[in-house]
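Colleague: Same order as they appear, the protein sequences are chains A and B.
Residue numbers for the first sequence follow my numbering, so the first one is 1251 and each next one is one higher.
Residue numbers for the second sequence follow my numbering, so the first one is 1251 and each next one is one higher.
Hint data in this document are derived by calculation from the structure and do not stem from the laboratory.
Where hints are given, some of them may not hold.
A pair holds if it fits inside one copy or across any two, identical chains being indistinguishable in the list.
[What the hints assert, rightly or not] With a straight-line cut-off of 20 angstroms between C-alpha atoms, the simulated SDA-like cross-links for lysine to any residue are:
1) K1666 <-> D1253
2) K1658 <-> D1253
3) K1690 <-> R1785
4) K1772 <-> R1393
5) K1723 <-> L1375
6) K1723 <-> A1373
Since this is a predicted model, take the numbers as computed values, not measurements.
Protein chains: 2
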Amino acid sequence: MQDVPLLISRILSHGSALHGTSQVITWTGESEPQRRSFAEIGARAAQLAHALRDDLGVEGDDRVATLMWNNAEHVEAYFAIPSMGAVLHTLNLRLPPEQLAWIVNHAADRVVIANGSLLPLLAPLLPHLTSVEHVVVSGPGDRSLLAGVTPRVHEYEELVAGKPTTYDWPELDERSAAAMCYTSGTTGDPKGVVYSHRSIYLHSMQVNMAQSMGLTDQDTSLVVVPQFHVNAWGLPHATFMTGVNMLMPDRFLQPGPLAAMIEKEQPTHAAAVPTIWQGLLAELGERPRDVGSLTQVTIGGSACPPSLMEAFDKLGMRVCHAWGMTETSPLGTVARPPAHVVGTEQEFEYRLTQGRFPAGVEARLTGPGGERLPWDGESAGELEVRGPWIAGAYYGGEGAQPLRPADKFSEDGWLKTGDVGTITPDGFLTLTDRAKDVIKSGGEWISSVELENALMAHPDVAEAAVVAVPDDKWGERPLATVVLKDGATADFAVLRSFLADEGRIAKWQLPERWTIIESVPKTSVGKFDKKVLRRRYAEGDLDVTRI
Amino acid sequence: MQDVPLLISRILSHGSALHGTSQVITWTGESEPQRRSFAEIGARAAQLAHALRDDLGVEGDDRVATLMWNNAEHVEAYFAIPSMGAVLHTLNLRLPPEQLAWIVNHAADRVVIANGSLLPLLAPLLPHLTSVEHVVVSGPGDRSLLAGVTPRVHEYEELVAGKPTTYDWPELDERSAAAMCYTSGTTGDPKGVVYSHRSIYLHSMQVNMAQSMGLTDQDTSLVVVPQFHVNAWGLPHATFMTGVNMLMPDRFLQPGPLAAMIEKEQPTHAAAVPTIWQGLLAELGERPRDVGSLTQVTIGGSACPPSLMEAFDKLGMRVCHAWGMTETSPLGTVARPPAHVVGTEQEFEYRLTQGRFPAGVEARLTGPGGERLPWDGESAGELEVRGPWIAGAYYGGEGAQPLRPADKFSEDGWLKTGDVGTITPDGFLTLTDRAKDVIKSGGEWISSVELENALMAHPDVAEAAVVAVPDDKWGERPLATVVLKDGATADFAVLRSFLADEGRIAKWQLPERWTIIESVPKTSVGKFDKKVLRRRYAEGDLDVTRI
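Same shape as in the complex, but just chain A (with noise of 0.2 angstroms):
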């Protein structure tokens, strides 16, 4: 057979050329959206990659940060970037600054490209960034944000404008780095993943298979995971494989444009993490539009509550959970369910686990005291996974060398996913907590996400986190801490009675130590940041209460 190397190159040659009418279609918050085809998405990557290498003198491996939203520009970058041998960066804009001025930093970044939206971010960060040459702006904003910045600043449409509208791309090694993203990372440094043409190639075709996304040329993909998020999930590489057409929102995130949005350009396929799909639900409620389009909707990030699902389900919106995360590219699991349920009550419990593992991710679980475990459906272990777009390393220790910490790679190479969950004998993964949530109580795991479920079921509870405490008996015990509705009376042994009931939580796991607290510290990305309710409790900054 040919050795030819899977190249990101080869999907922007192949999606530009055989599916050049495809479009990329840009929400502009006007009436009408800009409308790019994939020709001149084709066209504008090559003019963009010269203008990187002549202007801004890109070359070898060197990194090109992004600052911006899902749009054009911002496609163009995802292919222009690597496929002329660069890094593509793409940066969290949700990130505080000072972590972001870090992984810039730490990426060593030459270029960064922005959305002038974003220039309010962007500009007070400069100062603290050491490697940045160059800042490509992009879009409307205020470029006087920029003014006395050192780094040199060029007009996006200025620096394409004029150039050949093909470029001669490299053959490169398929397993050279084409993009990088770094982890949120609530513990330690960010900590960068790179992910390779191959990894890319191999995930594209992966998302393209009908058990997974399964898109077509007759789709539209409103693709609202951010382009920052693991690469849209890999959609935009997905697409230009097939011709799906991308709806993208840019910066109009919230519930009436993406609404609106939905309405005017009717897609069949959306993207998107849960909360996103509360708050459209919530809009549709109050003002009703044609969605009939969007047939199917994968959900990912998070789970997604039963009760949006059933409600997605009535608007005629199939909801398909997906799992995965920035080492896994994302995707790791895809929640169709099988053959044989489909029709039956079992079909929604399918719907609801986190999915099942496509043939190029391996997965295992490993259980307390490092025993593999079965799939059985009800074992409970940490997954680790392998395959080829799963990440065997972190990018850039001392020198470069690649980073492999043993807490998140095991001795054979496997990805410590830091999930804990159960998979069933036909491969279907239910994820029950986070191995670092999780609670080690005599030699046994018990949930915290369980017990957290099960309290925010109570009337009367509006938000309850569940930590892990030093308990001298048992090694460690949960430790509830409760936020309570205003108005609410329960008390403690209310909520714990409320627990036991009906066999909700198994009695060993119910906690002893209680605490009420005014709201759950979250993360940046808006999950439930533990350590510092770890950290707090072992301050003895919380008022605990044993029962």
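Mind docking chain B on chain A? Use the hints.
Modeller: Okay, now just chain B, sitting in the frame of chain A:
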């Protein structure tokens, strides 16, 4: 990213574990077909590998041949042999015996696994096979035919019985040989195409993409295309990737049994060459059956006549053209009409093309003078392709060096398909002729196939073949060889006018040389054997009229 090789053993492990309840259903001609779950196939593949290694001494990249119909045991061989590191060599049971013997000797097969029903073909060959040490027989058939042969004879079921049901599959180089298949080769010796683990893995992903066959575990695929014919178009591998059930006809390839198995097992998909479907259609006309489950039919091997496509449409079976060849694994194109023509009159035109190239297959057209031709839907040239599942050489020249004949591979490594056609701007291929059959007349190309189709549209013509013959003035001119129907009255002048009428054929392309023949000579796979006609013309064996 982790450096995990793309191996067939991974497809097997995935399918037999995560899709363990999916089935290979083999027709037995009796009321109950044989049903074997993917889990059982996985266990038996491991047993077969143990038997091949421990009992038969298979090691390294030894070639193990199969002379088998489509059935569960053949699927087991498909996975066991490459997974253990050996090379699966599928033998085309339709080839003339002397060619089969040549092929087995050329590949130096050490073992042949044969269906009992094929022993009448195999037994007389054995004295001519120089490398075969073992014959393994599976399924019904008269074993006495093997009495007194030199190789040791084994029963498949006895070999696998009691062997361990797991095997520690080796971590191979993904570029190592996994399987091979010889082209039937109308000119010269047959040529071996060697598939690697990588090429088969990537091809399987492509087959499963929604834009290609797009099957999931909700499907059952009736695999009529033989497993000895380019790996049954990749279906056994692709189905194990996603849990698609396989319905295998074994030796029951006649229209009656095919209709019966469709009615009983309700496949959703089927794959076969047009002649099979023509027979099935006639059968269903005579004896209607419930074939409503079958909604998607992949047709390849040669073009599907429009009338057949329409007839299947009426039955609710959506025909989808695909094009490929042994050298392309085979998936080269799939004719899913582009979004913008769906529902319009153009849709049917697009479905009649060979289809669009997927991202993994790059294509170009080379004209009569070696020039690159545009994708304008009109310029006809020889199709050349490149990609990770496209052959880069043939097997086994002197000293097992790869063979790269200049008429098959361009200097820069692309495969010359030997097919002549046009490509639309959006990448849809229409084949018009074989390069060796096209008539090179005064620097222009005349399609022999176009002339044949136009001739065969005349009611008096049963069959017609057109071949190039030398011409002093033009280099080459077409010779029309015609088989008339019984009682036909048309003469050559009438036929010539018929061709010219309504602009069917441009005037300069009309044949001057005509002859009547009894029947068109055919190759072993039923294609017109034009070299026989050319030879008969050269030897003065045809009674040619010039008009």
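Colleague: Run every hint past the structure and note whether it holds.
Modeller: Here's how the hints hold up against the structure:
1. With identical chains, the CA atoms of K1666 and D1253 are at most 20 angstroms apart between copies only, with a shortest distance of 16 angstroms across copies and 32 angstroms within one.
2. Taking CA atoms no more than 20 angstroms apart as the test, K1658 paired with D1253 passes between copies only; the shortest distance there is 17 angstroms, against 33 angstroms inside one copy.
3. Within a single copy, K1690 and R1785 get their C-alpha atoms as close as 18 angstroms, which meets the 20 angstroms cut-off; across copies the closest is 83 angstroms, which misses it.
4. For the homomeric pair K1772 and R1393, neither the shortest alpha-carbon distance inside one copy (33 angstroms) nor that between copies (74 angstroms) is at most 20 angstroms.
5. Taking CA atoms no more than 20 angstroms apart as the test, K1723 paired with L1375 passes in neither setting, with 49 angstroms inside one copy and 78 angstroms between copies.
6. For the identical chains of this complex, K1723 and A1373 are neighbours neither inside a copy (53 angstroms) nor across copies (76 angstroms), given an alpha-carbon limit of 20 angstroms.
Hints 4, 5 and 6 from the earlier list are contradicted by this structure; the remaining hints agree with it.
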